[in-house]
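S.K.: Sequence:
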Amino acid sequence: MIGWRLGVEVELLAPPGKSRYDLALAIAREYDGTVRRIFHPQSEPSKVPGMPVFHNLTLGFEVLDAQGERVARCVDDLTLQADLVRETPPLPGWYRIVSDDERLLRLIARQSDPDHDLTQVLEPVARLFGTNLEAGPGGMQRVNDETGASVAIVAPLPGERERPCELITAPLDDAHQCRLERLLKLARELGFTAPVEGATHFHFDATRLQSAGALANLVRLVGACPLREMVGTNPRCRRLGAWPSELLETVSAPDFSQLDWAQATSRISKLPLTKYCDFNLLNCLNPRARQNTVEIRILPVWLEAEPMIKMAALFAAILRRAGGPPVESPPESVPELLALLEG
1 MIGWRLGVEV ELLAPPGKSR YDLALAIARE YDGTVRRIFH PQSEPSKVPG MPVFHNLTLG
61 FEVLDAQGER VARCVDDLTL QADLVRETPP LPGWYRIVSD DERLLRLIAR QSDPDHDLTQ
121 VLEPVARLFG TNLEAGPGGM QRVNDETGAS VAIVAPLPGE RERPCELITA PLDDAHQCRL
181 ERLLKLAREL GFTAPVEGAT HFHFDATRLQ SAGALANLVR LVGACPLREM VGTNPRCRRL
241 GAWPSELLET VSAPDFSQLD WAQATSRISK LPLTKYCDFN LLNCLNPRAR QNTVEIRILP
301 VWLEAEPMIK MAALFAAILR RAGGPPVESP PESVPELLAL LEG
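Going by the numbering used here, the residue at position 54 of the sequence shown is 54; the numbering climbs one at a time, nothing skipped.
Restraint ranges, calculated between C-beta atoms of paired labels, are given here: (1) E246 to E328: 15 to 25 Å; (2) R106 to P235: 26 to 36 Å; (3) V334 to P89: 45 to 55 Å; (4) S245 to E146: 40 to 50 Å; (5) E332 to L303: 26 to 36 Å; (6) A82 to A242: 23 to 33 Å; (7) G343 to L78: 41 to 51 Å; (8) L190 to P89: 16 to 26 Å; (9) R110 to V334: 38 to 48 Å; (10) P16 to G323: 42 to 52 Å.
Below are the DSBU-like pairs computed for lysine-lysine, each with C-alpha atoms no more than 30 Å apart in a straight line: (11) K185 to K18; (12) K310 to K185; (13) K275 to K310.
Hints in this document: simulated from the structure, not taken from any laboratory.
As the structure is a prediction and not an experimental result, all values here were calculated from the model.
From the three backbone atoms N, C-alpha and C, an ideal C-beta is built for every residue, glycine too.
Turn these sequences into a full structure, and let the hints guide you.
M.R.: Shown next, in the form of structure tokens:
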């Protein structure tokens, strides 16, 4: 039993000739629901001089049940690359919007309609800047401002990028295994598989962990324990890593556990934390985050719900222990951690 509100993200790969849209349609049929197109924001390193990061809006699909409640989203994940044949021509209707400024992309996502095709989708943005769309090579369309500075580009989606599918569940409060298996069964029936770089992410609701003492306990419980081997972390998975050593030092300060939550997060905010690590704390530390969660990122891809739920139960036990009495000595091995949980 998990006993915790949980959202799950499973990275999958559609077979050649299918896409994440096919999985979204199958889920909608299963739930007598509907599919709507959405923009999904992502970032990737850039090889363009002076532009270290490209920010993207890619096409995703949100599935709503018969009552209009969200069941799942099927979106792209730019870290999934090894399985794709990049020379494959883009499919009609698939595109991405690119900018070097994620603030502009958030504006574009509000102004543009993901149901519009490539030739139309940036027209509202061009009007906003008082300019016209400019056609480029390979079907690309560009928006510049009145000085000629680039605002955004929309271009056909590179070869086979419709195949990666991060299946994101709505938050699950109960019947976790049954509800997950219902989704994963559809993916298996369509021939979806685990990508070479694939991972599963758990998002646990962080409400019960938002105290200085619970945060300090959580850092001590998992910060030094070699959990990757136990959970079977995919060695090809990208964007993982340890917390900076300053985090343990900060939460171990004599006065830290006595701080209120605002004081604790203020102190932690001075550290170089990132979401791209084994355990992402940023969502629960940032009051402006879209979701208040602790994210477990070291898990492999499972195509069935049972092993996923067993692992979720383990991490739920770790989180419950974090909310308990102070953890005086950080466990340095899995047996030490398990003994601490049983005690």
